[in-house]
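2 protein chains.
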Amino acid sequence: MRIFSRLLAVVGGLRWYNSEAHKRKKLIILGTGWAGYSLLKHVNKKLFDVVVVSPRNHFLFTPLLASTTVGTLEFRSIIEPIRNHGFRDERDFHLSRAVGLDKQKRIISCQSELDSTRQYDLFYDRLVIAVGALSNTFGVPGVEKYAFFLKEIADAQKIRNRILVNVELATQPGVPEDERSRLLHFVVVGGGPTGVEFSAEFYDFLKQDIARLYPGERDMVKVTLIEANQILSSFDIKLRRYAEGKIKQRSQMKLLRGSVVEVKQNSIKLKDGTELPCGLVVWSTGVAPRMFTETIGVEKDDREQIVVDEYLRSVSDRKKCIYAIGDCAYVKNSPLPCTAQVAERQGRYLAKALSQEDPPKFHFKHFGMLAYIGEYKALAETPVAKSRGFTSWVLWRSAYTTRLGSWRLRMQVPLDWIKTFFYGRDTSRF
Amino acid sequence: MRIFSRLLAVVGGLRWYNSEAHKRKKLIILGTGWAGYSLLKHVNKKLFDVVVVSPRNHFLFTPLLASTTVGTLEFRSIIEPIRNHGFRDERDFHLSRAVGLDKQKRIISCQSELDSTRQYDLFYDRLVIAVGALSNTFGVPGVEKYAFFLKEIADAQKIRNRILVNVELATQPGVPEDERSRLLHFVVVGGGPTGVEFSAEFYDFLKQDIARLYPGERDMVKVTLIEANQILSSFDIKLRRYAEGKIKQRSQMKLLRGSVVEVKQNSIKLKDGTELPCGLVVWSTGVAPRMFTETIGVEKDDREQIVVDEYLRSVSDRKKCIYAIGDCAYVKNSPLPCTAQVAERQGRYLAKALSQEDPPKFHFKHFGMLAYIGEYKALAETPVAKSRGFTSWVLWRSAYTTRLGSWRLRMQVPLDWIKTFFYGRDTSRF
Chain A
1 MRIFSRLLAV
11 VGGLRWYNSE
21 AHKRKKLIIL
31 GTGWAGYSLL
41 KHVNKKLFDV
51 VVVSPRNHFL
61 FTPLLASTTV
71 GTLEFRSIIE
81 PIRNHGFRDE
91 RDFHLSRAVG
101 LDKQKRIISC
111 QSELDSTRQY
121 DLFYDRLVIA
131 VGALSNTFGV
141 PGVEKYAFFL
151 KEIADAQKIR
161 NRILVNVELA
171 TQPGVPEDER
181 SRLLHFVVVG
191 GGPTGVEFSA
201 EFYDFLKQDI
211 ARLYPGERDM
221 VKVTLIEANQ
231 ILSSFDIKLR
241 RYAEGKIKQR
251 SQMKLLRGSV
261 VEVKQNSIKL
271 KDGTELPCGL
281 VVWSTGVAPR
291 MFTETIGVEK
301 DDREQIVVDE
311 YLRSVSDRKK
321 CIYAIGDCAY
331 VKNSPLPCTA
341 QVAERQGRYL
351 AKALSQEDPP
361 KFHFKHFGML
371 AYIGEYKALA
381 ETPVAKSRGF
391 TSWVLWRSAY
401 TTRLGSWRLR
411 MQVPLDWIKT
421 FFYGRDTSRF
Chain B
1 MRIFSRLLAV
11 VGGLRWYNSE
21 AHKRKKLIIL
31 GTGWAGYSLL
41 KHVNKKLFDV
51 VVVSPRNHFL
61 FTPLLASTTV
71 GTLEFRSIIE
81 PIRNHGFRDE
91 RDFHLSRAVG
101 LDKQKRIISC
111 QSELDSTRQY
121 DLFYDRLVIA
131 VGALSNTFGV
141 PGVEKYAFFL
151 KEIADAQKIR
161 NRILVNVELA
171 TQPGVPEDER
181 SRLLHFVVVG
191 GGPTGVEFSA
201 EFYDFLKQDI
211 ARLYPGERDM
221 VKVTLIEANQ
231 ILSSFDIKLR
241 RYAEGKIKQR
251 SQMKLLRGSV
261 VEVKQNSIKL
271 KDGTELPCGL
281 VVWSTGVAPR
291 MFTETIGVEK
301 DDREQIVVDE
311 YLRSVSDRKK
321 CIYAIGDCAY
331 VKNSPLPCTA
341 QVAERQGRYL
351 AKALSQEDPP
361 KFHFKHFGML
371 AYIGEYKALA
381 ETPVAKSRGF
391 TSWVLWRSAY
401 TTRLGSWRLR
411 MQVPLDWIKT
421 FFYGRDTSRF
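Line by line, the protein sequences are chains A and B. For the record, in the first sequence the residue sitting at position 40 is 40 according to our numbering, with numbers rising by one throughout. For the record, in the second sequence the residue sitting at position 310 is 310 according to our numbering, with numbers rising by one throughout.
One thing to keep in mind: the hints can contain errors.
Pairs involving identical chains hold if they fit within one copy or between any two copies, as the list cannot separate such chains.
[To be verified] Derived DSS-like pairs (lysine-lysine); straight-line CA-CA distance at most 30 Å:
hint : residue 1 : residue 2
1    : K207      : K45
2    : K386      : K238
3    : K207      : K46
4    : K352      : K248
5    : K41       : K222
6    : K320      : K248
7    : K320      : K264
8    : K105      : K238
9    : K145      : K158
10   : K207      : K41
Since the hints were made in silico from the structure, they are not lab data.
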């Protein structure tokens, strides 16, 4: 009798479990950047079976990425493993990239990031495309081959390694003077926040660590920031001029107005014909579509971003179950910049909207911008106030510390800053 | 008149500077491991112009290396940049490897680690060879190609990456059961402290993180520790039996007595003919000479270690200016084990002996041994007491924290432990 009642209970439980599972819709999120991650964090997991497909199993706090290229912060201090975010089943996260979309059958084709021969399909009820974008090379020859991008941790690792190698090589016996000077010339293409912040971090590294550890090389190091138009063009003109002024005061840093026509192994060529010998080129100019965005059959704008309506739904999907957010999306009638802030807010909006019968339209309210320009100085621009200098730098650090995704990072990032301040940056190479 | 007196002062200063510089002897240290680093730290830099040649620009705290393979500690938490140790001139550190020795001319030939076409010679008054040793493959086919060593940070990085890849791959759709089981079988060859501590760290990772993040894979994971004789053979028999007992209690860990005859891409073959499919082989069995030690013309023992007298001087150098310390040296008449402790003490001894007219003989006093065996348990053996279990684990952690080379590391290592305890290990892959 007891066995019988227990069996009944088990069967009842199973039925309940199954019906719950069947009620839940399958939501596939492509990507683990700002947009995908904020959606994953906030979406109601009781209503959806959430599946994430991404070639990267962590979220990267991009505003601090430039700091890791010189060791002000360590790589793992600004990333958060995706699997810490409570998947129902560990098979709901796929370290794979999406390679195809069948809108009719509602199927995403995936290719394993770990074994490229492994392909498989996943069915979805709702699909959110948050694959982000690539750096735009504007078709300039040599960029893909010789320049370094600054989008992922692996990019920052490569840059950090190259900087250390070049400085070490410059100290070795028998290296001719012009070769040393080439090795120690660092070029940054693109005067947006990423380019400016990388130059700033590198300049701090030069003044605080290279000067101390390599006194004989210190004066040979040069940084050139190349921009065709204005640096930090999204900022207020007063702040921009302040930043330009500060940069121009630095004898070892040069602001160059120009266009790059070719990147070679040991130099960079400008439109006016000049060729600058250099030891590193960091390329950070605008965004370009990823392969997946380019190939799928949904409406896109002339920059190949997926066109979405005010509810962030793809305008060309009649079934109303495909969404796009972040750098790969273009909101029809109200275009937004490709920033972390926009992506994060879109993810958060969608997390709520997906569980609403009649969601409100997406509305973006700009919170402000921050940019570090080196030597403990930053720019801060909010809808209510503009500031610059040391106080803005304090704001910059506090704002980012509180925005970090977890207490683990909120503990580690300030400790990294303390270590850098007291002991200098780690120049070990391995 | 003032100009004349100033000129005189300058010339006088130069003469003084030159005579000081000429009085100082040129000491070349090859290597930045335990032996070379402790010599560099303690040698009297007023008496010697110290030059260091090493393919590695940091010192690595090897006893904690195993902890970094699974992320209990981070890579940069256990290394110390060599350049932080006050060189007179930044050109006195060479990121190069020694490739030749001319005893007659007292010249070391170096090859740049950053550009292999770059070769040059350095003159020495005193030469200290502290190049360490390699892992011994015993000529077993496939080891170089398919197994992972555990000597440097780069090795630990590769192991960590492989573990993450295998576990992620095992969760992907369409991977057959036997392939999943192979991917999740981790083999360690060699039951010395390194092999045992790596198994222990991996076992903790399995119980604390894989179990939490990959519940479906948890029970498939297996660790096999292969040793031809005794594990931890340098420890007291009671401690050894305790460790063996603990390991045997673990259902997912196996202690296998056997010899490996071949390592293949996806399996390992034993002498008795059995072939074990596996996803990772970590090889840590004994030491073998480095190329430099093999090729130079000084007396060596049958294991190709440089034979030195009680003053750590090479017995075959008539000029009495070549020394060898650490894993690459063999002290005639009183052989010592190849451990960090011996190497560190030899470096420290030589730092003093080099500036003495009539130094005492080198005498090694054993301080004790520690080994971590997993699950917050360790072995501790000192000349006065033997202990095991949780209290030894506390001793293990405290001892290593205080032995770390700098306050930067002494801050970071406990923080890493706290992060691991509260938030789990970082499983991000990049």
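Could you work out which earlier hints the structure fails to respect and list their numbers in ascending sequence? Hints 4, 5, 6, 7 and 8 are the ones this structure does not satisfy, whereas the remaining hints hold.
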